[in-house]
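K.L.:
With the hints as constraints, model all of the structure from the sequences given.
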Amino acid sequence: MENPVIELKGLTKLYGSLKAVDNLNLTIDQGEIYGLLGPNGAGKTTTILMMLGLTEPSAGTVNVCGVNATSNPVAIKRKVGYMPDNLGFYDGMTALDNLVYIARLNGIPESGVRPRAMEMMEAVGLEKSMHKKAGAYSRGMKQRLGLAEVLIKQPDVIILDEPTNGIDPSGVKEFLTLIRQLSRQQNITVLLSSHHLNQVQQVCDRVGIFVDGKLLASDQISRLSDQLSSKESNVVTITVADLLPVTAGHEQELLQIGGVKAVTMAGHTITITCTGNCTPALVRYFVNKGFDILGVHQKEYGLEEIYQRYFENNLTENEANGKSGSLLQRSFFKKIKSQ
Amino acid sequence: MESPVVYFKDHFSKKLKVSNRAVVKPAVQKNPAASPLAAIIRKEIGDHVRSWRFIVLLVLIVLTFLGSMYVSLTNIKPAAVSEEPERFLLFLKILTTTDGSLPSFHIFMSFLGAILGIGLGFDAINAEQQNGTLIRLLAQPVYRDNVLLAKFISPLIVITTLFLSLGLLMIGAGLIITGVRIEVVEILRILSFILLTVLYVGFWLSLSILLSVKFKQATTSALTAIGIWLFFTIFYKIIVNMIVKALLPDPAFLSPDDIMYYNNVILNLLRFSPSQLYTDATTVLLMPAVRSLGPLTVEQMAGAIPTPLSFRESILIVWPQLSGLFAATTVCFALSYFFFMRREIRS
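Residue numbers (the working numbering), protein chains in the order written: chain B, 1 to 339; chain X, 1001 to 1347.
If you are wondering where the hints come from, they were derived from the structure by calculation, not from laboratory data.
Watch out, some of these pointers could steer you wrong.
Pair by pair, the computed Cβ-Cβ distance ranges are [as the list claims (entries may be wrong)]:
#1 B:H131 with X:L1335: 39 to 45 Å
#2 B:R139 with X:I1187: 53 to 59 Å
#3 X:K1237 with B:R139: 51 to 57 Å
#4 X:L1335 with B:D91: 26 to 32 Å
#5 X:Q1130 with B:K261: 56 to 62 Å
#6 X:L1230 with B:G166: 39 to 45 Å
Looking from chain X toward chain B, a few residues come up when the C-beta cut is under 10 Å (computed) [stated by the list, open to error]:
#7 A1034
#8 S1035
#9 R1042
#10 Q1130
#11 R1144
#12 A1246
#13 F1340
#14 R1343
#15 I1345
Stretch-level coverage of chain B by chain X, calculated; a stretch enters the list once three of its residues show a Cβ under 8 Å from a Cβ in chain X [what the hints assert, rightly or not]:
#16 18-31
#17 54-67
Keep in mind it's a predicted model, so treat the numbers as computed, not measured.
By construction, the Cβ of each residue, glycine as well, lies at the ideal position given by its N, Cα and C atoms.
P.N.:
Structure follows, in structure tokens:
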């Protein structure tokens, strides 16, 4: 899929002396779901605003669907559906009227506006309350209305800024599943920003970890996880039925298996720290020794670990290289570490 | 939301679009998509007309109108009798006659117009930004200047309609009550009075839109706009008088020419205030007997025929006032455009 829909080159945004976005390079292909991850104030929203031409970059270029976002934002806004993080609607108008207004702004022919808006309301499950005032909507309903509004223009690209904020867990799941299905069926490119790691993990093809205006990593979650586990130690926990005989012999033998670094035995469980994937070898060893294995658990790196480890790595590298990160960065990393 | 994708599949397939077009072919051709500007104006007008704020302003203006009409109609007889029949412009008299208990309508309008303009514009941009609707609006394929233009044009349409209907009601009621035929000149003068009033409201509107772009809080911009208005209606005159007393020589020791000169200077200073421009212009337009806005010497009046000025001549006299108001409006609008176009929109 060598068809970049969103292309950011050397994107920088300065607010006074503060670098909100720092030399960002990013390419997102068509049909991809990309998760932009980062803590609050990392510059996610600023990046998104620059993609839509709602704010001007201090340096660098943004191309969306092959159009420069800074010089020609209107062409982009025809193709991109954007849902901001705190959605505001015209409270005095009904939800349907809000949607109809947006449809009109997108140049949908007058005769088709109302039917289409009603279909959209049905599609997002708001058909029963579409004549309610938007001011009376709950947060989750507003989110759905926002989605209807994004979809009514039939976009090529959907940009969602913190789309899961303020929805209950089951709602989040529905919402994300819906987005994923849409993206797959219509080949829509989706960019979503979030600080909820586990949610992003469910739906994204690729994620970018974004801290203090810098993209620290950008890849598939599994690959990020592999990268980490090759660098870092794996932890395998094996539970056996018999009470373990406390002998040094087993420990010595285990340590001879390639990659094993440390072995701890306590009660029914053996915790083995190793580099690389040596779980099969370990299991084979225990079976040969006649242990009844009840469970083997290899700790996998989820996004949360990746996220945190990444910051730690970055910090140690920085310190090792003698780079003095900015004060802000340091204090941020310390916070992350202490968590 | 059970398997919503099934629905979406239909929406997004090109087939549906085509078939849609085929089914409603005449309707689509007759109703092409409205331009975004038209869509925003339409929505804005709807919002204004339904808002309590506009209803209150409307009631205020209609009450003022009725009050001043009542006073002038009860006093119209002596005013009308004193004139010779050829110069009998009764409908202009209805607008300007008063017995002193109430100011006449055009004087009222010089401050109600300001309130109307401020009231309709002070939260044009910042309220939308506060509610988070501005960012959604600008994420649609709409040019930013369209938003600003719509915020300006739609209140203007509303108030033009309001004043036109008031003017026409006045003419109609005058025709029924007095039975006097209306002259073409009177229609022209009343129409230009209405246009002038719209222009005046337009000035305050563009000023308050500028403030609404500049300030994040609607209350701040409203208070600032009211402050500016109060300054020009009350304090500006006092300040000019103080400066004049302090700086200008005592008139007792001046030649008549010098007095004329200084008088003109003072008048020109006062004309920096938009309400002064408006009162000047309306006075000339509604009272054809007024020949000049400044002092006139006896020599200048010597050969004058005592007859009302023609419509064209009145317009010529107030042309500077008209251009002044128009220029001030344009400057405010251009400034708000300048501030708004490159601004970062965040909710």
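K.L.:
Next step is simple, just say for each hint if it's right about the structure.
P.N.:
Against the structure, the hints:
Look at H131 of chain B against L1335 of chain X: about 41 Å separates their beta carbons, and that is inside 39 to 45 Å. Separation of R139 of chain B from I1187 of chain X is about 57 Å and conforms to the stated range, judged on CB atoms against 53 to 59 Å. Checked against the hint of 51 to 57 Å, the pair K1237 of chain X and R139 of chain B passes, with Cβ atoms roughly 53 Å apart. The hinted range of 26 to 32 Å is satisfied by L1335 of chain X and D91 of chain B, whose Cβ atoms lie roughly 30 Å apart.
In this structure the hint that Q1130 of chain X and K261 of chain B lie 56 to 62 Å apart at CB holds, the actual value being about 57 Å. Checking the proposed 39 to 45 Å range against L1230 of chain X and G166 of chain B shows it holds: the Cβ atoms sit about 43 Å from each other. With 10 Å as the threshold, the beta carbon of A1034 of chain X comes within range of chain B, its nearest partner Cβ sitting at about 6 Å, so the hint holds. Taking 10 Å as the C-beta contact cut-off toward chain B, the hint placing S1035 of chain X at the interface holds, the least distance being around 8 Å.
For R1042 of chain X, the suggested interface contact is upheld, since its CB lies about 8 Å from the closest CB of chain B, less than 10 Å. Interface hint status for Q1130 of chain X: upheld, as the beta-carbon distance to the closest one in chain B is roughly 8 Å, under 10 Å. Taking 10 Å as the C-beta cut-off, the interface hint given for R1144 of chain X holds, the closest approach to chain B being about 9 Å. The interface hint given for A1246 of chain X is broken, as the beta carbon of that residue sits about 45 Å from the closest beta carbon of chain B, more than 10 Å.
With its C-beta approaching chain B no nearer than about 12 Å, F1340 of chain X sits outside the 10 Å limit, and its interface hint is violated. For R1343 of chain X, the suggested interface contact is upheld, since its CB lies about 8 Å from the closest CB of chain B, less than 10 Å. Hint status for I1345 of chain X: holds, given a least beta-carbon distance of 5 Å to chain B, under 10 Å. Residue count for the segment 18-31 of chain B with a Cβ under 8 Å from a Cβ of chain X: 0. That is fewer than the three needed, and the coverage hint is violated.
A count of 3 residues in the segment 54-67 of chain B with a Cβ less than 8 Å from any Cβ of chain X is obtained; the coverage claim is therefore met, three being the minimum.
When each numbered hint is compared with the structure, violations occur for hints 12, 13 and 16.
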